[in-house]
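Protein sequence lines, in the order shown, are assigned to chains A and B.
Here this note's numbering is used: the first residue of the first sequence is 26, the next is one more, and so on.
Here this note's numbering is used: the first residue of the second sequence is 176, the next is one more, and so on.
FYI, nobody ran anything at the bench for these hints, they're computed from the structure.
Among the clues, some could well be false.
Lysine-lysine pairs mimicking DSSO-like chemistry, simulated, CA-CA at most 27 angstroms apart [stated by the list, open to error]: (1) A:Lys63 x B:Lys183; (2) B:Lys328 x B:Lys256; (3) A:Lys70 x B:Lys183; (4) B:Lys328 x B:Lys183; (5) B:Lys183 x B:Lys256; (6) A:Lys69 x B:Lys328.
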Amino acid sequence: MRESLDHWPFVIGSYAVGLIALALLIIWSYRAMRRAEKRREEMKKR
Amino acid sequence: MHIYANPKRFLSLASWLMPLLFWSGLVLSLGAIAWGLFMVPPDRLMGETVRILFIHVPAAWLGMGGWAGLAISSAALLIWKHPLAGIAARAIAVPGMVFCAICLATGSIWGRPTWGTWWEWDGRLTSMLVLLFLYGGYIALSQAAAREGGSMKIAAIFGMVGAINVPIINRSVVWWNSLHQPPSLTAGKSAIDPVFLWPLLVAVIGFSLLFGAIVLMRMRALIAEQQVEARLRRRALDDEAPLSAAPAMEGA
Chain A
26 MRESLDHWPF VIGSYAVGLI ALALLIIWSY RAMRRAEKRR EEMKKR
Chain B
176 MHIYANPKRF LSLASWLMPL LFWSGLVLSL GAIAWGLFMV PPDRLMGETV RILFIHVPAA
236 WLGMGGWAGL AISSAALLIW KHPLAGIAAR AIAVPGMVFC AICLATGSIW GRPTWGTWWE
296 WDGRLTSMLV LLFLYGGYIA LSQAAAREGG SMKIAAIFGM VGAINVPIIN RSVVWWNSLH
356 QPPSLTAGKS AIDPVFLWPL LVAVIGFSLL FGAIVLMRMR ALIAEQQVEA RLRRRALDDE
416 APLSAAPAME GA
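So here's chain A without its partners, still in its complex pose (with noise of 0.2 angstroms):
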């Protein structure tokens, strides 16, 4: 017996799962950057 599924689970956990893998990889990215340079800064002002 052929087992019938319903695609768009499939396709809508595909996109849930990438996105927000990308979405938190960016946003950890762009914090780090952002808590570095603030630190190169105060460290300069010193």
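Given the coordinates of chain A, work out where chain B should sit on it, guided by the hints.
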């Protein structure tokens, strides 16, 4: 390339290039996703799951392309001792690993309705999983070297040796029997219908631009961290210098 050996010159380039890559990448990626999700018809064989390819293929391309970039940067570090090459390799590793993981996860989700299984230990899937572990190994090695103040040479050699896996991934569907379909895009030829090919190409370009922006963000962060470390070391040496000089003067 050596023009940008000076971090100051590189940072002035990155300050305008990063937002340009980020915003153009974001617009193209979101546009391609909307195109792939809502405007492309379902495929005759794959049905609606064909839409997963618009995120799976760019992720696969960037997982492999990321390691190629990491290997080239590692070679530049070993051959020319380019000061930014080690930073570039470290900056590529994390986004490369994330895209590799996205490729594996979306491929697995795609496999369930298409092949009837979440996972199959065939050449393509296994070699891609090996790439994920290679990324993990490189990140651990390079972070240990950076934390202990050691040489990046071992991580760079690891990066170059690991590059052998990239052509294996690429040719795995030709060399071994696989559930995965053979290459759909080869030089000058495409087995993909234009209705799917164009949004796919836009998605690949968009995600590649986003990848470039993330790498530049990470490079800026790593350069700033190195500069703080260097300043702290200089200060520590300046603080120690008068103390070590004092007994000598007393004895004289």
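Hints, verified against the model:
1. A:Lys63 x B:Lys183: At roughly 16 angstroms apart (the allowed maximum being 27 angstroms), lysine 183 of chain B and lysine 63 of chain A satisfy the hint.
2. B:Lys328 x B:Lys256: holds, 10 angstroms
3. A:Lys70 x B:Lys183: holds, 18 angstroms
4. B:Lys328 x B:Lys183: holds, 24 angstroms
5. B:Lys183 x B:Lys256: holds, 18 angstroms
6. A:Lys69 x B:Lys328: violated, 30 angstroms
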